[in-house]
Every structure is written in structure tokens, then in C-alpha cells.
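Novice: Given only the sequences and the hints, what does the whole structure look like? Please build it.
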Amino acid sequence: MSNVNISKLKGIVGDAYVIDSPSEMAKYLKGQGKPAVVVLPASTSEVSSIVKLANEKNVKLGVGGAVVDTQGITGGIAMVMSRMNRLLEMDQLNLVAVVEPGLLHKEFLLKVAEFGLNFPPEPYEIETSSVGGCFAIGDSDSKSFEYGPTRTFLLGFEMVLPTGEILEIGNKCIKNVSGLDFIHFAVGSQGTFGIFTKLLVKLLPAPAAKKAVIGTFASMHKANAAFNTLIKRNVHPTRMNLINASLAKNAKPGTEGQLVIVDLQGFKESGKNIANEVASVLTLGGGSDVKIIEEGAEYDQVINGWLKVRAELNAKRSRTVEFVVGPMKMPQALAQLEALTGDLGAYPGVIVEGLLGYVCLALPEGTDKLDLATKVNKLAMSLGGNVKGLLGHKLKADVYNDAEMWKQTTSLLNELRQQFDPKGILNPGVSLEA
Amino acid sequence: MGVLQDVYEMLNTCNKCGGCHTACKTYKLTGAETMVARGRIQLIKAVADGKLEPNQEYEDAIMSCLLCGECAVTCPNGVHGNELVMAARRDLKLKKGIKPFVKSFALNTLASPKRLDMGFRLFKGMGKSFLNKIDGLDYFRGIDIRNFPTAKKPFLEQVPEKITVQHPKHKVGFYVGCFLNHALDQTAHSVVKVLTKNDCEVIIPKDQVCCGLPQYCYGDFETAKKNARKTIDTFLDKYSDAEVILSACGSCVAMLRHDYLKLFADEPSYLEKVKLFCEKVVEFSEYMEKIGVDQTKLHNSTPLTVTYHDPCHMVRGLKVTKQPRQLLQMVPRIEYKEMFEANRCCGAAGLIQAFYHEVSTDITDQKTQNIKDTNADLVATSCPACMLRLQGGINKVGQKQKVMHVADIMANAYED
Amino acid sequence: MLSQAVVKRLKEIVGEKNVVTDKVGLLTYGYDGTLLSGEALGVVSPTTTEQVVEIVKLMNEHDIKLVPRGAGTNESGGTIPSEKSVVISFTKMTKIHEIDTENFVAVVEPGVINFDLQVELAKKNFYFPPDPSSFKASTIGGNLGECSGGPKCFKYGVTRDYMLGLEVVLPNGKVIQTGGRNFQSEPGYDLTRIIVGSEGILGLVTKVFVRILPIPRAKKTMLALYDKVEDASQTVADIVAAGIIPTTLELMDNLLINTTEDFTHAGLPRDAGAVLIIEVDGYQEDMDEQVKTIGEIASKIAKEFKVAQSAAEVDQIWTSRRSAFGSVARVRPSYGVNDITVPRSNFPKAIGGVLKVAKDFGVTIGVVAHAGDGNLHPLILFDQRNKEETETVHAAEQALCMMALDLDGTISGEHGIGLVKKKYLDKEFTPAAMEAFRKIKRSFDPSNRFNPGKIIDL
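Protein chains in written order, with the working numbering: chain A, 1 to 434; chain B, 1001 to 1416; chain C, 2001 to 2458.
By construction, these hints were calculated from the structure, which means they are not laboratory data. Careful, some of the hints might be misleading.
[What the hints assert, rightly or not] Here are the simulated DSS-like cross-link-like pairs (lysine-lysine), alpha carbons at most 27 angstroms apart as the crow flies: (1) B:K1103 x B:K1225; (2) C:K2123 x B:K1028; (3) A:K198 x C:K2123; (4) B:K1016 x C:K2092.
Specialist: Written as C-alpha cells, this is what we have:
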């Protein structure tokens, strides 16, 4: 039996926005959990009221932009933010925007472009990702070398805390060290500290020129050697990415071999020269069909190809292993990795973000993820890196044989979560235990 | 008004920005806030405000300052940390006197020609051979005791009072200074040689005494004043025909030219005479550059790489940096090479090397490393105290460079 | 007073020389760059993480608080010993463990002086972008604690953006690592970010992984001179509005031009109402276009616009700018530095606000600003010995903070809160935000052992 009071929910958001028939609920949900109801609030006060209601009855509550992960909220409430999708303000003088969390990432990008501005973070999923989700996940991406990780672009927010209280923080200043840095700390907290209801987003002027250089390589190793050459030549593109042969076709139909995508955003004059330099390095490094792309539509197509592959892997995080090493250590990392995985070109999926030294592996059916991650972590650590995120920290502590450090880290994480959400109501599916 | 009240405005002008952290060698090496201008100034202020009673730790903070003056150059507010430390030392002297050891062994001995002469004779005769017998005493507090040079007899006893030349163009009074008189007499001879080769008649008063700088630095203004008066009277009364009063010791020159004015600021009747004296004081390289050196007379067949160390009193006291370098580069086949941080203190800093040797030894080690990095054969400088400190430091780490006064290098390039 | 037993144990942990308990020593660790002062029970200077752990455990046993300190050049009072506490000074943890230019990371101990790191990096043609004006003296640990800014923030961001990972000793004496050598290494929550700028109230950082970048291939430094400071502020707004991101956009008013000129003799015109120092960097081939655009924008209002011709000239300009704070005691012996920041479009209004405060309170204010960031440092000049004047200055400072908040700004853009601005914090933040800070502090340090009383009270 669920404790959810459907009629009270209807009283808060209106009948039309409380959905409790399983068939209608399905399109808002993913995962195995079975929430009792989907609710679509339209304002901060509605969100606050729903959270307060959940608190009274100790009901679990999961939040998503367009789709909610149902893990841990069986019998509880799935809150979909898609009705809170307005662009509230575009302040060109200060290069900031105020948006509601349910605004789709792709729509936000279009609006931003209309004003000649730039919002660098990549969407997690091209079609359904929201701006709120972008900051809730708060990742780095393949443009982070140039623009910084996602958190760089959040200046403030309004948030409904797990108690229902509303917290506002931040301002349009691009420099702000007042108080503790809860603004950036909240980025990546996956909705465990609270639910974003308004976001104050930092923007940049759009780059004067965008170009891409693409090429294909017979092996991952040759492509990475070319990346190293570029770094040694002090060339740091906006993106410098590599997709293995198995996935390359998804990014660019008809591709044979491993696909290299180098994205150059910047000034016109240097852009021209660097594009030529990149093209010659790729060609000399063994690349074929090396091409400089200047035309806008074709550029967008190439970048979208990358984002599509990126999103495919994001969609199956439970079946991927991600790790980082120093970018110049990548050739060694891949050589050693191949001993574990076999031919990387034929692996179900491998992408490399060359400037960040980041690799994401899509695992073949039947692979023991933890086992592979443990081996990969050892490999990465020997090259100054580690498996990404929480899992990486646990594996690292294992390698140090330092159970105490891991215990400290998790107890600190859990204490923080507990302080903000004493009843453990919000997004219980998010685990801080790895 | 007390001594500290007189400098209170400057004490109060330090706004603790910490900019002097970069300048202060004693801070760099110890990382202790008591060992940097900002810390010292705050302590002096605490004493001035009556919040702190001078104690041993306070004395250490004040006495360990190298007085190199680097903080004064670095301070955006123009606070002269070295002057404030001087005031604090004066204040200490007045309140507590000077420690007997410092007083009798160092200051009084230096102040009295007789006692200094006696000291050097003792050191030469018995002391040095005695010290040589003690293992591990090669480097007493970082000072190279065994190789500490001593003159066979004081320079002043080796030369006549007047050295004439065939066609005198200038008349120079030579203020020799303690170090050149008793330890580095060869350098004193070099100075005379360079001067005479450039048509200067040299007057060397026999009854000259210590300039008073060591006593002054320890706040003993009374003794410093006594010696200063004696020096001024000697040169102005008995040898008034000397056009200039020249010294080859940067520290002496800074004292004679600048600090004498401060010493006698409270004695208006005598001050005019002091001013007259100060205006006549010149440093060796400064003077040579001014009268012009005949480069054609300089000969040298051995290619040499030379680097130059700026003594604190030269670079920050007198602001003389170009002239010695120019003179060096006049000598044929000398390749001049600048060292890193040439203008930073060598660690000698008067008596600091004896009393705060932990600090000064490290400072010297840094300096010798900077010297080594230049691959120079010779290190030139303009202060005998630096010469001894640098040579000792170089010997200690087993490097080969020879340290010479600019005058020595020039003198070698003149035919005898 | 520390008990003999505690002193003995401290000396066992860090060595005789690294413990200070005498009055003279303690006096010199009681102040920082502010007008405040306090007195610690002792000063201890560890040289390893293990020593830090032992010190924390010992202090916990005896219920003594710890106040972390780097060079003590901060402007927030963040290192003032405010309760019965021992100062833990990191100036002896000065090792640069590693500089890995190929992988854009350096690993350093917290006591490394920012400038010393820059010198080592420069040998490899790299640099560490955050360089607060105090960078020749201040430490990386201190920069991290206050989340320092500096003149390059406009393009490159603040200290927080260059911290990849930390080793942290928690108030319970346990050690954790946050982040790592690369992006994407945080465990769950971004712990690195919450520790950066926390002024030591959450943990003691003993090792820092910093992001380093290659020195840009080309750089151009420009000067624009104005009759009035308001005119300069308009150029700032115009440049931002034109979508240009210079590396720096610094402003000094007439008072600062003169005090710095007394010190540096850089040749800035003493009669100018204000000067803007504008710098762009990047690829050589992009310089001309940017300089041209900026020149056009500035020349609309400026009475003179010029591009620095030599490296020496650039050095002189920066020496002037960096000595701005220090040099004002040439006018009056004390200064109160403010760190108000407003949205960039409000910058001209903020300048107007500062002038109004100066007039209303009858105080002398010199203005130096990271104008491109909307970050102003109005320096109120006075003499601390004059009680009445000091009161007026405090009132004026409060007015400045309120003015910034009214313009949707913040009371601190880069200096931190410490003790100096703590009293204004609840004017900027709602009770819910203040409570969020407390929740974070409680999670790390429930017994309030580290740097108590700074930023917030529990």
C-alpha cells in the first residue's frame, strides 16, 4: 500500500498533472521501480508543497527532467520537471541566463545561439536531457579542457530542499567566494541535496569561428599517437575525440575504421592555421580521408555524430567502464588495455576524449564489470589515473589497501546527505556506496 | 621622546601586506614570521606600545636582521625595515646595554686600532695555529678560520703617508678600513696601484680608525660617534688637500657618506663639517668611473670568466651597481657573466655570521650555488667582508672560484 | 597557555624548532593582512601529512582548536587565532612533488609559495593561472583556503577552477583524498570544490593537485587612460557587451595611480582620473584583431589608448598594479579593503556607489578593481589610532557591502569572509543558505575544531 495522497497532490498541481495509471506513467519512467504516481509541478511552490507532503508521510521521491529513474521509489512519487521549462531571463550584458530546470538542453542551446552566445556543456542525452539534469549530473565532457567542467557554468540556483524549504543562492557575479561554495558543491549531487527549481547559468560569447577536422585511422593506437603529437606541438583544440570502429558508423554512417573528430572553436585567423596543422598531423600520423570541415551544417552533423555516440554510452552507464589517465599516457593505456579487452577496434564500444585522457568502454555481454573495472583501475593508476568517480575511489582505496580512507569518504558523503535529507526521501536510488 | 617614538609613524605605516616575505633572506630560510620585516616591525611596535617587554627572543629577532635593506626596496609603502631594526637596536642598547661578549670581543676591539691590531697579532701568532689543531673547527660558524687571511703587518704600517706620482691629476685621501688594513692588505695595495696608474696622488693618514659601522649597527651610537668624529677630523683637518675621501669598502662608504649625517643630526654645530666630509666620500669604482680609466694600459692574456656580487651597502646603500661591472669589462679577455640574484646578501652581514650562523650559512650556500651556476673563474665584489664570506663559503663546498676585489682584478691588469 | 605535556608532545611530533610558544613568536602569528589580531596558544609547523594527523589527534585529545595558516597575507582575517587555539602553519610544507607538463598537472604541498611554483613552471613554459596580487608571498594552500582570484579571472577563473584533487586531514584526524590528477575523479559529491574557499573550517589540506597550462603563445597589454573613473567603467561594460573576453581588465583610480607611481615610477600619468589595464592572450595571429576591437571601444571614451611595446613596460605596469594595496599607506597608515563584486553591467553603478559612500561618510577611498569581473576593491584610508575615524570607516564599509548587495552583488569576490565580513553574511544569504553552510560544516566538523568562528558560527 502506498502512503501517497493522490488527492492532495491533485490539489497542489491540478488533476491533469497527477498521473497514476501505469500505462500513462510509463513514458515518464525508466528502470525497474514502481512508483505510485507521476506528478508534474509547474512552479517552485508546487515543488515545495509536494516535497512537504512526501515528508509528512515519509514517501520516497524521485526527480527527473523528462524521465525519472525509478530505482528506490517503488510506492513513491516520480516528479517530472518538464512543465518548468521556461527561459526566464537572458541577460546579454552579463552573459547569464535564468532558466527553469525542465527546459530541454537542446532547446536551451537554440535559445542561447539566437543571442550569439555559447553554453559549452554537452547534453547527456540529445533529445531528453534538461538543463536541470545537466547540473544535477554535473559531469566533465570532451570540451572541459577548454571551457572547464559543467559546474563552471552555474552561478546560482533556487532549490527545494528535501524538507520542502526553498533555498536561493548565488548571483550574476562571475566571481563569488562568499560563504561556503554550496553553489558548485550542489552540481553533480544528483538531486540528493535538493531539487533545482531555477538555475542561474553562466554563458560565453559564441566563438567567432568553428571548424572541425575529421579523419579515419586503421588503429586506435595510431590515432592516439597523432593526438600526442598535437599536444607536444602545443595545439589544444576544443575537442580531440576518437571513436572506435564499432561505434564510428553510428557517428558517421559509412565510416570504415576508427573515427577522429577534432573540434576547433575560436578565432578566425588562428582557426585556419590550426585546422591546417591538425590536418597535416593527422595525415602524417597515418590518417586517411582527413578533411577540414568549415561549412556550418556539415560541422553540426559531425558534432552531432559525436554527441549521439556519447549519449548511447551514457544511456548504459551500468554496462560501461570509464577511466582517466594523463592525456600523454593514453597510448600506453590503450596498449595495456588491449591485453584485457582484445582488439579495441572490434570492442563493442570505445571512445577516447584525447585532451582529457578519458576513455569509456562499452562492455560486451557477459563481462564482469567489477572485475574488469578493478583491472582497468590498476592499469590506470600505474599511469597516474583511475577509474572515474565513486567506483574509482573505492577501487583506489582497495589498491592502497586503505579501507579506512574509503570508510571515511563514504561516511562523510553519507553524513552530508543525511544533514540535508534526514529522512532519506529524495532520490533514494542514488547510491553513495559504489 | 624615545627612540621608537621617533620612528613610530613608519612603524605604523607597515600595513602587514607581507610583501617583504619575498625580499627577506632570513625568512626564506627559516619560514619564521619573527625573521621577516613584517614580524620584526610588529614586534618593535609592540615594544613601542608597551605591550612587549624586550626579552631574549625579541633580541634574537632584532639582532638576526641582516640589515641588507632588501625589504625597504620591496615595500610598496616605502617602509624601511632595516632602519626600524636599527632604531630597535638603539633602543635595546639604551635599555639593556650590549651583551658583554659582543661588546668586548667584537665592538670594542674593532673600535680601537690598538686592540684590533693586537687581536690580529694574537690570532696570527698563537690563535690560528691553536685553532688549526682542533679538528672540526675548520669552519667556525661558517667562517673559514684556517684560511682567514691576515696581513703580515697592518697595511698602514707598510706604506708611507703619501704616495706620489709623476704627473698628478688628482689628490685622493684613502680611507683604508679595518678589513683592508689587517686582513686583505693586498687589496689595499691594489687600490693604491690602480689609483697611481691613473695619475692619482694617494694620501693615507696613519691615524685613521674604524668607521664605526659595527658599533652603530648594534645601537652603540656613542662609540660610533667617537670614531666618526675622529675620522672626520683626521681627513678634514689634517689632510684637507685631499679632493675626495675614497674607500674600497662599500660598507665603510655607506657609513661615511650616509650614516654620519644621521649620527650627528642632533649636533647642529658640527653638522656642517659632517656634510662637507660626506660630500667628499667616494667609493672606489664610482671614482674610477668618474675620472675615467685609460683602457689602453690594461693588459691581460688569460681568458677569464668573471661574475660580480653586489654587496648590500653598494646596491641598496649607495645604489652603485653599474660602475664595478663596467670596470671589470674594461679588462681585456674577461668575459662577464651575471649570476642569479647577484644583488642579494651573501650572508656575512657584519657580525650576523658569528651570532646567527645557522641563517647566514644557508644564505651563503645559496650564493655559492648561484656562483657555481655561472661557471665563472673569478668572483669580483666591492666589499672586503663579502670577499671573506664568499671565499670561505666557496672553499667550504669545495668549489674553485677565487674571490677578488674589483681593484685586485684591475691591478693585475696593470704592469708593475 | 599550553600545558607542558602538550608542548612536549608537539615537539616530539614536529621537532623542537617547529613549535613556538614564547610570547614574541606568538605575537607574530597573531595578525594577517587585515587590521585584526589575536593570540594563539602556540604555533606548530608540520612538515608531513603524518605530522598533521598526529597534531590533529593530540589537539582533539586536549580539546584545543586549530587555526591553519599559510603566509598570513589574506584580507579576510581567516588566519586570526580567534578562540583558544593553536596555529598550524604550513610554511614548512614547501615541496613541489611533481610537475607533469605533458599531463597538465602539478602536485605540491600547501606551503609552496605561488610565485615559486610559477618560477618552476615557467622553466617548462607552463603556468598556474590563479595569481592573486599577493602571489609573490602567498601560498598555494592559502590561495586554496580563500579561493583567491587575481587579475586573470576574467578569462581563466579563480583558484577553484584549477584544483583537481586534494589530500585532506579531517577534523577527526582521518585522511581522505578528493578528486585526483584529472577531471572526473570526484567521489559522488565534489568534495574538492567545497573545501576550496572554506578557509580551513572543513579540513586541513596537505597535498594539492593543481591544473597547469602552457603559457599562451602571445599576449598584448594595453592601457587606456580616462579623465574620470566613471568613464573607465563605461568602457568595461562596453567591452563585455561586445562579447570580448580579455585575460584581464584592471582599473585603478587617480589615488592609486599616484601611490603606486611613488613606488614604481612606471610612468602612469599622475593627472589621469583612472587607468584601465587590458590584456589579451592566445594565438599570435588573433592578437591584432582583438587589440583593434578593444582600441576602438576604449577610444570612444578614453583620452588616451596605447599598447605596451616592450616586456619591460608590461612588467612595470604589473608591478604598479600588484603593489596597489601595499602602497596606500603612503597616504594614510591604515586601510580597510573591500571586496565587493557586482554583475558586470552594474559596474558603473557600483563605481558611482563607491564615490557616494566616500562623500556621504567623508572618507578617502581609493579604487582598484578587477573591472572585467565586476570585482571592486575600494580601499578606505584612515588611521587606526583615531577611534572616531575608525568607527566611521566601519560604517562606510557596511554601506559599501549593502550597496553591492543592492546591486545584486556579493560582499566577497575573491578574498573570503573570515572574520572581517562575517557580520554581513546573513545580509547576503537567506536563512536557508546559512543553514546549508552549517549543515556542511557539521558534516565535516561537528565539534567545531578547525578554524572556529570563521565564515559562520555553528
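Novice: Now look at each hint and say whether the structure bears it out.
Specialist: Outcome of the hint check:
{"no.": "1", "hint": "B:K1103 x B:K1225", "result": "16 angstroms, holds"}
{"no.": "2", "hint": "C:K2123 x B:K1028", "result": "21 angstroms, holds"}
{"no.": "3", "hint": "A:K198 x C:K2123", "result": "46 angstroms, violated"}
{"no.": "4", "hint": "B:K1016 x C:K2092", "result": "20 angstroms, holds"}
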